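Participant: So the chains spell out like this:
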Amino acid sequence: MIRTTKMMLVAAAMALPAAPAAAQDAYVVGLSGALTGPNANVYAPVIDGLKLYADQVNGRGGVNGKPIRLLIQDNQGEPSKAAADVKRFLSQDNVLAVINVSLSSTYAPMVVETRRARVPLFYAGAVCPKEVYPPADELQFCSTAFAPGFDSQMAFRIIRELAKEPVRIGFAAMAIPIARAEMDYAEGLAKSLGMTPVEKQITPPPTPDYTPFATKLKDANPNWVFSWSPWLSQVKTFEALRRIGWAGRYLTIAHLQAEDELARLKDGELYVFGANSLFQDALPVHREIRDAAQKAGLNTPVPQLAEGWIAGMVLEQALRNAGWPATPEKLVASMNNLKVDLKGLRGGPIEWTKTNHFRGTQSYRVYRWDPAKQAIVRVKDWTSFEVK
Amino acid sequence: MQLAVNIVVLASIYALISCGYVLIYRVSRVLSLAHGELMMLGAYGLYATASLFSGHPLLAIGVSAALALAVGGLVYALLMRRMTGEAVLAAVLATIALGIFLRGAMALVWSAQEQHPLELLGLSNPAVAVGPTARISLVALTLVVVTAAVYVGLFAFLRYTVWGIRMRAAGQNPLLAAQRGIGLHGIYALAWGLATFTGGLAGMLIACDSALDQTMLIIGLKAFPAALVGGLDSLAGAILGALIVAAAEVLLINYVDPLLSDVVPFFVLLAMLVVRPWGLFGTKEELDRV
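In the order they appear, the protein sequences are chains G and E. Heads up: the first sequence runs through residues 1 to 388, numbered per our numbering. Heads up: the second sequence runs through residues 389 to 678, numbered per our numbering.
No wet-lab data here; the hints were simulated from the structure. Check each hint, because a few of them may be wrong.
Simulated DEER-style distance windows between Cβ atoms [unchecked claim]:
(1) R116/G / F489/E: 46 to 54 Å
(2) A296/G / I488/E: 37 to 45 Å
(3) E507/E / L193/G: 36 to 44 Å
(4) F489/E / E138/G: 56 to 64 Å
(5) L446/E / L193/G: 29 to 37 Å
(6) G571/E / K295/G: 53 to 61 Å
(7) F655/E / E78/G: 18 to 26 Å
(8) K164/G / F489/E: 54 to 62 Å
(9) A517/E / D381/G: 48 to 56 Å
(10) L193/G / D645/E: 25 to 33 Å
(11) G268/G / A392/E: 25 to 33 Å
(12) V662/E / T353/G: 42 to 50 Å
(13) V662/E / V377/G: 40 to 48 Å
(14) V379/G / F489/E: 57 to 65 Å
As the structure is a computational prediction, the values presented were derived from the model and not from experiment. C-beta atoms are modelled at their ideal positions from N, C-alpha and C, and glycine is treated no differently.
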């Protein structure tokens, strides 16, 4: 009850207009994200992780002696709400940067407004748009783990290494533009590698029963299925396939929920790959996140906080390098020359240059559930792709 | 064979959800646009009771079903009763407001995380063979059985019990029913209770078969065309409407394009509205305007 009341108070406080930031005494950053709405399970934990990290920084005295003030608005994954949020951030709050933690459909209005105001737009936990790859757009930056193009390349490297037989591959994705485009790219890649694409199922969100989609996929008789979509779409298709008796191997991108879900599903042929290390690796930074979450009384599953924590580390470093008083111009300059050690949360640092706002190398690890050990095991250690 | 199983399961989902729309409309002529949210609340009710009565699945399911019934009655007593005598549009708008309120409240209380109540209940969901080539999950099979039981129960209730006959009377002519001494508020509260109960059952079973997440309320909306196609005041129509919509959806997924599955319920609905606006088994009512 107390927790609920606290959450309601926080929500009410977030709904109140933020104080005008004419005379800034803090690094003010606006965040528009899908805190509620159908896809909130993907984005809300990222916001929790980012806020948790910012609170830690502020607790240590802030950045350059000034606190980070995160202004959080819920856009529910709707472009119109995201547009309204960013206009408010820029016109009323004089923010130094805008953070997007939402669906790709919200990108366009935020890009337009931030470009007009010459303020950096930072994608944190939202899929990286290709504009952050070299040659990068001057104002768009991304720290998110998953990335179109590179993810499919990694997927096929895994399949080639694990497959002992000719690969007949099926694809499963949610009917959102970015996932469909990635599946088209993956299908072309499969053909070029001598694999046989047999079926591509694009499932509209949400659907009450994934079995009809899975049935068509199973009827095509793939021995591998690759899925690149929001987690629920990936895993519900997988579960439906298993229910109707498909026994092949399923490969998905490891979103925030992957670690808990591998343990729930306990299926030895479900492979997940991702750029973030799992908490079972038990690094000191994992313990740090767990302790911070426990201290803050957060209800969000701890493994889901890593993505937001990483975004927080990047933001802190960018603000530190921008100095005080900071301006959007100084912040962009700082972000154009940034290197953040992620303490093992990723396979390498986040490194941004003037032409690369993604990272210098994208590294992945592969995990699966081992039924014999009754534990999650690492199938493949960090495998890196150079980002050119 | 698998296709037939898929159609039956999807039709059962739509039928179980849409009977809530029908019950409320049939008795009070109000279209409840909060049905998806009430369905989701039923699923969260199961999640809460499963956490509370860990290790006692039957108790958890029983309490959550009773809660769903009570919530429906409370919605009527606290909100919809105030709408009595007001224009139907006001009542419909009240259900929209209720839906928005419930959506926000559920996100605040239970967060946006997906949940798996079946695990909390300590139950599993194995696949069951249906003939030599088809399979169905145990929860989906339960859903089909529950849907059949709900409809048989409702038909018997409406035909053979005093309260059921009163409910039909109130739906046909509320003024005459009231003059004959039937307490309309009690009847309406019961209709809301039963509608929320059946919607809640649908929510619980869907959550157990896949997961409980924020998209469930949209699934509630997807069942709406099934109710309209069958006729908003006909339970038999809801079954047929659900079968038509589910068959169209599954066959299009399999033989044409999966993406069409999202629009086909509404395409079937539009076709029905053009040909027969009151639905297959609905009552042809006097229309003031279109």
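Participant: Each of the hints needs a verdict: does it hold here or not?
Facilitator: Hint check results:
The hint said 46 to 54 Å for the Cβ distance between R116/G and F489/E, and at roughly 36 Å that hint is violated. As the Cβ distance of A296/G to I488/E is approximately 29 Å, the hint placing it in 37 to 45 Å is violated. Here the CB-CB span from E507/E to L193/G is close to 38 Å, well matched to the stated 36 to 44 Å. About 44 Å separates the C-beta atoms of F489/E and E138/G, a value inconsistent with the hinted range of 56 to 64 Å.
Between L446/E and L193/G the C-beta distance comes to about 52 Å, which lies outside the given range of 29 to 37 Å. A hinted range of 53 to 61 Å holds for the C-beta pair G571/E and K295/G, which are about 56 Å apart. Checked against the hint of 18 to 26 Å, the C-beta distance between F655/E and E78/G comes to roughly 25 Å, which is consistent with it. Checked against the hint of 54 to 62 Å, the pair K164/G and F489/E passes, with Cβ atoms roughly 56 Å apart.
At about 41 Å, the CB distance of A517/E to D381/G disagrees with the hint of 48 to 56 Å. At roughly 27 Å, the beta carbons of L193/G and D645/E sit within the given window of 25 to 33 Å. Between G268/G and A392/E the Cβ separation comes to about 31 Å, which falls inside the hinted range of 25 to 33 Å. Taken as a hint, the range 42 to 50 Å is violated for the pair V662/E and T353/G, whose Cβ atoms sit roughly 60 Å apart.
At about 58 Å, the CB distance of V662/E to V377/G disagrees with the hint of 40 to 48 Å. Taking 57 to 65 Å as the suggested C-beta distance range, the pair V379/G and F489/E does not conform, at roughly 46 Å.
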